[in-house]
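Visitor: Just need the whole structure built from these sequences, with the hints factored in.
There are 2 protein chains.
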Amino acid sequence: MKRLFLFVAGCALATSAPAIAADAGSTVQHVVASKAYKGAVAALDSGHDQWVKDIIAITQIPSPPFKEQVRAKAFADMLRQRGLEASIDEEGNVLALRKGMQGGPVVVVSAHMDTVFPEGTDVTVKREGTKLMAPGVGDDSAGLATLLALVDAMNAGKVQTESDILFVGTVGEEGRGDLRGVRHIFTKGAWKGKIGAFFSLDGSGLQDMTTGGTGSKRYHVVFKGPGGHSYGAFGIVNPMAALGTTITELYKLQVPTDPKTTYSASVVGGGTSVNAIPAEVWLDVDMRSESADELAKLEKQFLAIVPKAVETENAARSTKPGKVSAEIEPIGDRPAGHTDPNADVVRFAQAAYAAEGLKVRTGTASTDSNIAMSLGIPAITMSRIADGGRAHAPDEWIDTAKSPNVKLKRILLSTILATAGVP
Amino acid sequence: MKRLFLFVAGCALATSAPAIAADAGSTVQHVVASKAYKGAVAALDSGHDQWVKDIIAITQIPSPPFKEQVRAKAFADMLRQRGLEASIDEEGNVLALRKGMQGGPVVVVSAHMDTVFPEGTDVTVKREGTKLMAPGVGDDSAGLATLLALVDAMNAGKVQTESDILFVGTVGEEGRGDLRGVRHIFTKGAWKGKIGAFFSLDGSGLQDMTTGGTGSKRYHVVFKGPGGHSYGAFGIVNPMAALGTTITELYKLQVPTDPKTTYSASVVGGGTSVNAIPAEVWLDVDMRSESADELAKLEKQFLAIVPKAVETENAARSTKPGKVSAEIEPIGDRPAGHTDPNADVVRFAQAAYAAEGLKVRTGTASTDSNIAMSLGIPAITMSRIADGGRAHAPDEWIDTAKSPNVKLKRILLSTILATAGVP
Numbered sequence: 000m001k002r003l004f005l006f007v008a009g010c011a012l013a014t015s016a017p018a019i020a021a022d023a024g025s026t027v028q029h030v031v032a033s034k035a036y037k038g039a040v041a042a043l044d045s046g047h048d049q050w051v052k053d054i055i056a057i058t059q060i061p062s063p064p065f066k067e068q069v070r071a072k073a074f075a076d077m078l079r080q081r082g083l084e085a086s087i088d089e090e091g092n093v094l095a096l097r098k099g100m101q102g103g104p105v106v107v108v109s110a111h112m113d114t115v116f117p118e119g120t121d122v123t124v125k126r127e128g129t130k131l132m133a134p135g136v137g138d139d140s141a142g143l144a145t146l147l148a149l150v151d152a153m154n155a156g157k158v159q160t161e162s163d164i165l166f167v168g169t170v171g172e173e174g175r176g177d178l179r180g181v182r183h184i185f186t187k188g189a190w191k192g193k194i195g196a197f198f199s200l201d202g203s204g205l206q207d208m209t210t211g212g213t214g215s216k217r218y219h220v221v222f223k224g225p226g227g228h229s230y231g232a233f234g235i236v237n238p239m240a241a242l243g244t245t246i247t248e249l250y251k252l253q254v255p256t257d258p259k260t261t262y263s264a265s266v267v268g269g270g271t272s273v274n275a276i277p278a279e280v281w282l283d284v285d286m287r288s289e290s291a292d293e294l295a296k297l298e299k300q301f302l303a304i305v306p307k308a309v310e311t312e313n314a315a316r317s318t319k320p321g322k323v324s325a326e327i328e329p330i331g332d333r334p335a336g337h338t339d340p341n342a343d344v345v346r347f348a349q350a351a352y353a354a355e356g357l358k359v360r361t362g363t364a365s366t367d368s369n370i371a372m373s374l375g376i377p378a379i380t381m382s383r384i385a386d387g388g389r390a391h392a393p394d395e396w397i398d399t400a401k402s403p404n405v406k407l408k409r410i411l412l413s414t415i416l417a418t419a420g421v422p
Numbered sequence: 000m001k002r003l004f005l006f007v008a009g010c011a012l013a014t015s016a017p018a019i020a021a022d023a024g025s026t027v028q029h030v031v032a033s034k035a036y037k038g039a040v041a042a043l044d045s046g047h048d049q050w051v052k053d054i055i056a057i058t059q060i061p062s063p064p065f066k067e068q069v070r071a072k073a074f075a076d077m078l079r080q081r082g083l084e085a086s087i088d089e090e091g092n093v094l095a096l097r098k099g100m101q102g103g104p105v106v107v108v109s110a111h112m113d114t115v116f117p118e119g120t121d122v123t124v125k126r127e128g129t130k131l132m133a134p135g136v137g138d139d140s141a142g143l144a145t146l147l148a149l150v151d152a153m154n155a156g157k158v159q160t161e162s163d164i165l166f167v168g169t170v171g172e173e174g175r176g177d178l179r180g181v182r183h184i185f186t187k188g189a190w191k192g193k194i195g196a197f198f199s200l201d202g203s204g205l206q207d208m209t210t211g212g213t214g215s216k217r218y219h220v221v222f223k224g225p226g227g228h229s230y231g232a233f234g235i236v237n238p239m240a241a242l243g244t245t246i247t248e249l250y251k252l253q254v255p256t257d258p259k260t261t262y263s264a265s266v267v268g269g270g271t272s273v274n275a276i277p278a279e280v281w282l283d284v285d286m287r288s289e290s291a292d293e294l295a296k297l298e299k300q301f302l303a304i305v306p307k308a309v310e311t312e313n314a315a316r317s318t319k320p321g322k323v324s325a326e327i328e329p330i331g332d333r334p335a336g337h338t339d340p341n342a343d344v345v346r347f348a349q350a351a352y353a354a355e356g357l358k359v360r361t362g363t364a365s366t367d368s369n370i371a372m373s374l375g376i377p378a379i380t381m382s383r384i385a386d387g388g389r390a391h392a393p394d395e396w397i398d399t400a401k402s403p404n405v406k407l408k409r410i411l412l413s414t415i416l417a418t419a420g421v422p
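First to last, the protein sequences are chains A and B. Counting along the first sequence from 1, when you hit position 188 you're at 187 in numbering that gives the first Met the number 0, and nothing is skipped either side. Counting along the second sequence from 1, when you hit position 41 you're at 40 in numbering that gives the first Met the number 0, and nothing is skipped either side.
There's no promise every hint is true.
Note that identical chains are pooled: a pair holds if it fits in a single copy or bridges any two copies.
[Claimed, not checked] Here are the computed lysine-lysine pairs in the BS3-like style, where the Cα-Cα straight-line distance is at most 27 Å:
1. Lys223 to Lys259
2. Lys251 to Lys322
3. Lys319 to Lys259
4. Lys72 to Lys193
5. Lys259 to Lys322
6. Lys66 to Lys125
7. Lys251 to Lys319
8. Lys251 to Lys223
9. Lys307 to Lys251
10. Lys223 to Lys299
Hints were generated in silico from the structure; no laboratory data involved.
Guide: If you want it as structure tokens, here you go:
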């Protein structure tokens, strides 16, 4: 089923779901009607309690930013217990291949292992009926457990696929992690150039999937100067003035609302005492866009503002004891991208939702799929859980109610199997 | 000697020392020739070791900003041991009156009790020959010990003065203390309206005295806004933009070089995460001038810039979830002022230096004298020690060599006695 791996280069935006092409619908119907799928679905049902246990076990292994090692080791073991040869790559990602009949470009099914919560956060899961509460219980511990449930189901149904499926737990999806795990897989690791489709299990609900990746560029700008006594050294350059000009000029920029493009001067700091001209101040800036072109344009404007502000300050006051300078450190780079609304992965997912009587909306977000999308590789991010909320907050919760979650897993399974191909 | 308490309202600046008026010179000569002065001077000489012991004892009682109580109690006891009725006022200042023969406006002789060093700083004094080293050993522990030496000398010489002399240890001279001790004495305490001349023993060297008070106004400005997601909430007002405009507009201001007037945007902070429009950012600003008028003018301009910047931001972006606002908190207010170069205190000090064969320069600084100067009360700040350095630094030092320090104390004593009047 080589046609599945057509690299889409079109630029239309996935603003509304198209009618599902007949062949996508029939491919999903073919999957759903197969004996293997039926066996797998039965295992999704009977494996529900195990899935809940897995969520709890994974959630309770702390996995702070840049410290995913312990959870990665445990997750690799959980994949091995399911008969897969799991390994951990140089970046810390867990990878386990489930061989297909034909080989060729692989289908990646992934969830991320990092949470936003720092070391020492109490990650004990609390239960109220079907509701589970803990920091990170949904994002993305539930995604990892759902991935394991899909492996269990495929094994139980003795599902054979045409393409290989690579099950992945990624590191560094959140914040300063900056998609480092998935970026490594697509640009440096052993699977570089060999991936034909990408699924990320992230987010919640039975209504949405992510087909657009918001791109972002983040910078930490440090303005330095000679510093000195506020009274005695008055008249010398002040890096604070360059910082002020940078903010002022940034906030004069006009950006399009469609494709949505944004900026934010977010965090600021520096200086030591009210009676001293500071020697160092700094500013963190966030820029985002649905469009890689608009993001690049905005970034270029910002990167011109900073040296201009420095130059203006050095021209305005004395540089005798030293000049003002700026160090621009990139602290985030998530490429924008989107998956064509006519890409097979999108149409299969729509058909899979339709087969369960549901209509799915497409949207834009920043997820592991960004990297694939930016490289033109068909990618979508589908829900990890049927219902949940307060991700990134200490009171994060999910609802593990059986019926909607088994339904979601059926949708995920049929979408993935349609993409990988079944005999 | 009522003429000594002439309230000077002239505006000429003490930029160069005038020729010493004949009557100032003869008044100091009269003091120096008196039997009482000679007895006092003998005690300055014989009391040298006690003075060194007092410096060490005072230095080793920690006196962090706003925590001068322990040192105050000890200093009051040291005054009592010298036969004075010392008391501690509502603000924490130590006050001890040495009665004169006539009463009337009092002459204040003061040093400050607070240091810049936080609790827990090791204030153990180290000795190398005549050199003493410890945080705060000079500023202003040596000033307090010198004040005690003057009391000892006056007692030993059985010196009688026409005016009462009020010996004072002040709190809150440094930094955020904002001259609160001396301010209380002049504007609220029992001696309000009753002070005719003011001496602060602060600074070091045998060349300088302070006749001008640099005024300063300091503000902590907190800019608040609704805050929100950097991408999702883009388009709403950002308090950071108002902060940027405030800095930019401040640094457009032109201020005179004479009288020297300065400003500094010194410390900045706020925001929580690069992916969030901040709900709160803040800025600390310092403004100073030798001239009260210029300082008031600068302050007025700054206080107009902040609301204008807020208004500009509220007009530039959506205020639907809330407006940007600014809270302007004064964190420092030291009035500018100066003592007329022809004021008796200045001329007596010049004559006292001249009597020891020394020429003294006049300068401007921020000391306890600022408050008196701003109220038109003749005030000067004279050295506490003949040689020292690195005040406010952990490696602060003074040299207690006998000869120059006894000389300095003779100069202080004759200046004070000329001001207070001796029969």
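Visitor: Each hint: holds or not?
Guide: Hint check results:
1. Taking the shortest Cα distances, lysine 223 and lysine 259 sit within 27 Å of each other only across copies (26 Å), while inside one copy they are farther apart (33 Å).
2. For the homomeric pair lysine 251 and lysine 322, the shortest alpha-carbon distances inside one copy (26 Å) and between copies (18 Å) are both at most 27 Å.
3. For the identical chains of this complex, lysine 319 and lysine 259 are inter-copy neighbours only, at 19 Å across copies versus 45 Å inside a copy, given an alpha-carbon limit of 27 Å.
4. When the C-alpha separation of lysine 72 and lysine 193 is checked against a cutoff of 27 Å, the pair qualifies only within one copy, where the shortest distance is 25 Å, while the shortest distance between copies is 80 Å.
5. When the C-alpha separation of lysine 259 and lysine 322 is checked against a cutoff of 27 Å, the pair qualifies only between copies, where the shortest distance is 23 Å, while the shortest distance within a copy is 38 Å.
6. Only within a single protomer do lysine 66 and lysine 125 lie at most 27 Å apart by alpha-carbon distance; the minimum there is 23 Å, versus 47 Å between protomers.
7. Taking CA atoms no more than 27 Å apart as the test, lysine 251 paired with lysine 319 passes between copies only; the shortest distance there is 20 Å, against 31 Å inside one copy.
8. For a Cα distance limit of 27 Å, the shortest separation of lysine 251 from lysine 223 qualifies both inside one copy, at 24 Å, and across copies, at 20 Å.
9. Within a single copy, lysine 307 and lysine 251 get their C-alpha atoms as close as 14 Å, and across copies as close as 16 Å, so both meet the 27 Å cut-off.
10. Proximity of lysine 223 and lysine 299 under a CA criterion of 27 Å is satisfied intra-copy only: 22 Å inside one chain copy versus 29 Å between copies.
The earlier numbered hints are all upheld by this structure, with none contradicted.
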